[in-house]
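**Q** For the protein sequence lines, the chains are Y and A, in the order given.
Offset between the first sequence (1-based) and the numbering used here: plus 7.
Offset between the second sequence (1-based) and the numbering used here: plus 7.
Read the hints as simulated data drawn from the structure, not as lab findings.
Keep in mind that this is a model prediction, so the values were computed, not measured.
Check each hint, because a few of them may be wrong.
Identical chains share a label here; the pair holds if one copy fits it or two copies do between them.
Subject to a maximum C-alpha distance of 27 Å in a straight line, what follows is the list of computed DSS-like cross-link-like pairs (lysine-lysine) [what the hints assert, rightly or not]:
| no. | residue 1 | residue 2 |
| --- | --- | --- |
| 1 | K184 | K443 |
| 2 | K129 | K43 |
| 3 | K129 | K181 |
| 4 | K162 | K129 |
Number of protein chains: 2
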Amino acid sequence: MLPVDFIVQLRNLLPSDRLLTDPVDCYTYAYDNSRKIFPPAAVAFPVTAEEVQAIVALCNDHCVPLTPRGRGTGTSGGSLPEQGGVALSLERMLRVISVDPANRVIVAEPGVLNQSIQEAAKPHGFFWPPDPSSAAYSSIGGNLATSAGGPHAVKYGTTRDHVLGLRAVTGAGKFIKTGCYTTKGVVGYDLTRLLVGSEGTLAVITEATLKLTPLPQARSGLTAHYRDARSCASAIVRIMALPETPSALEFLDAGALNLIRGRFPDMVPADTGAMLMIEVDGPSRYISALSASIREACRNTGLILVEEVADAATLWLARKTLSPLLRDIAPKKINEDIVVPVSALPEFLEELAQLTSRYGIANVNFGHAGNGNIHVNLLVNPDAGDEMSRAEKCLNEMFDLVIRLNGTLSGEHGVGSEKRAYVSKEIDSTTLVLMKDIKRVFDPRNILNPGKLFPG
Amino acid sequence: MLPVDFIVQLRNLLPSDRLLTDPVDCYTYAYDNSRKIFPPAAVAFPVTAEEVQAIVALCNDHCVPLTPRGRGTGTSGGSLPEQGGVALSLERMLRVISVDPANRVIVAEPGVLNQSIQEAAKPHGFFWPPDPSSAAYSSIGGNLATSAGGPHAVKYGTTRDHVLGLRAVTGAGKFIKTGCYTTKGVVGYDLTRLLVGSEGTLAVITEATLKLTPLPQARSGLTAHYRDARSCASAIVRIMALPETPSALEFLDAGALNLIRGRFPDMVPADTGAMLMIEVDGPSRYISALSASIREACRNTGLILVEEVADAATLWLARKTLSPLLRDIAPKKINEDIVVPVSALPEFLEELAQLTSRYGIANVNFGHAGNGNIHVNLLVNPDAGDEMSRAEKCLNEMFDLVIRLNGTLSGEHGVGSEKRAYVSKEIDSTTLVLMKDIKRVFDPRNILNPGKLFPG
């Protein structure tokens, strides 16, 4: 419940069509793709940085939790108002402020969709590399909050590599400006990348200066079919040791392939036990040589077939349907996005198979193999005996395995509330204390997305 | 003067051949390429992270200033012990801990030279992109402290784009570990990039996990000669609007060309008033098409000649000699490395010419034009009347111009002590207070490189 005087003051800051307080309306902002439910007591829709500042300052004055939110496509619960309070929806801050091809820069407000940035950049021969599978629906504010990646990160990097500067409002309600408008700049601390990936716990981004990348002249697709995951994983290691970097290198295990077969019956041969979807891009004159070099690295005794893909669009569509398809086959999926060094992928997949078999948990694995970033999905029926507790034990051991292999718990989804319990496996206590102290500098009353990102 | 009990304890931490306290010995560590002189009271040479930690903790206990130092090639005074105390020379932490081509990673201690990293990576087909002109002599610790760039940053980015994780000791004497070993990772705040570019004011880096990049198959060089700076600057804008990015795009003005003519009489024709040195790299099959496309963009009414360079090495040698040559022609050079958006370069150079002419200050300009990063050198004789005070006024107006054009005061040299007085032109007071608060979190007693980076 929000204090009455707080509500009165909040109503003074925004017109009635940009503030929800009716619980029925607020419920729409209670969930994201983590499938958890935490209804806010109010939802505010600012349209200017000044409104954002006024709302944050008010929440700070009254110690009311405030959770910034883009389009709610995150999978870790990062945008859910777990402690109630106000959901700050940035979805109406939709201005593309400037498109500047001469300097390869776009400046935009946080609510602008990733897709809209691509559409603004494309006529000038540029694109913005972050490409989460939600790109058509997710906002750049959300992409920045999680340092979103996607399949092309193997060649182009993630969000933090493609942002030059930010304007933001700290938890204390102060305007700050970070970074610069140019591709070089070393004056002061790099607060830009401190905010990127901070999951709305430090400041609310109100404007982002994004760095554009030239569109490749040509693209080409390959699929490589393997008898089993082991031979497939060893091919990944060989491909990533080449000087030529593919623009995407996606792995699909047997479970993932079965899901695709259910939806697209003729797409994957029956004897394929694991598959790579590979994209190369670059100059037109070079694309066939690049493709040939990667095909060569695909070869090993487990390879069944490697071929050029005529219809790459359908293939990527199939890949994109995997997450929703998983929802259909199990009441609950525990959806992780661990990363291990590429050379450790064979060992990881082997040990993961042993783990899930030991605990009797069905699982489906696929993902951005070129970064060692695997979406591990444990499929669970919470109502079936001790299945949930077995899955949790399995998950815990899997995270230990990831850390032992020098990996990280999350490559792109973020900690949110979902992975909070495991953060201490990766980050030592001294470094965690330092991070909490930094949070206090930005947000002294802990109003911004409280409870997220840190272990409980 | 250091307290006696502090000296006694410091001697207990290090063998005598790794600690200097004699003022004559210490003087060697009193200067860097800023040509300022600040002798430390002691110089410590740790060889392990544990020794670094013990020294930092001791300084913290006694509130003794501690200034980390690589090879002293910086130009902004960042490594000088301005407030005395201990110089912490990392030059003996020289281990390349691992070279891991399968994961495109090198792990190394801070004293390892940039050049040694290149030599370790090259046999595997990789390189580490940061390439300051000091690469043969500067350490990666120093490169990380300033987020060093260099001519190839136009295509490959700067140091902050090529580091995955760090181990460090905070000013409070605590070990921390930041980032990860993989190319993706979003668990916790990005402390890696907060430390990169922080000029030794937050923590002492003891180990760096560096991301390698595949070596290009082929390189090609071009020079483009222009009648004047104006036509040359407009060509830069056209080149950078192409989807093909050159791997280097260096600008030399008339003053820089005259310096080169003095040393290499036949290198530059007499009527060339400004010049571009361009490098392209990429797949062998594509290099000539890439080169042709850039040649085309070079053409305008001011172009005298654009040609392939047979002997690129000599050309780059000439470029590298510019900084030392400048020392010979003026008793003092005020050496800046401002950045403006590429599209603003023509306006910047024009207004700079007016400014220097109005104040009667000789100047020489060259640098990384593809990033809009120009090394502006004001040549001054401090003993000649009011020349120094005119130069300072000129400098102040130049910085105002840079900020008005949406640029930044430093692209790669850092603030150090040299640019401290101007930082408030670029960073607003709220953001500066936040940065100081962050410094306090890492270094509560302000012992690490005190006085640097922030306005006085």
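**Q** Hints first: check each against the structure and report whether it holds.
**A** Consistency of the hints with the structure:
no.: 1; hint: K184 <-> K443; in the structure: both (22 Å within a copy, 15 Å between copies)
no.: 2; hint: K129 <-> K43; in the structure: neither (36 Å within a copy, 49 Å between copies)
no.: 3; hint: K129 <-> K181; in the structure: neither (35 Å within a copy, 47 Å between copies)
no.: 4; hint: K162 <-> K129; in the structure: both (19 Å within a copy, 20 Å between copies)
Taken one by one, the earlier hints fail for this structure at numbers 2 and 3, listed in ascending order.
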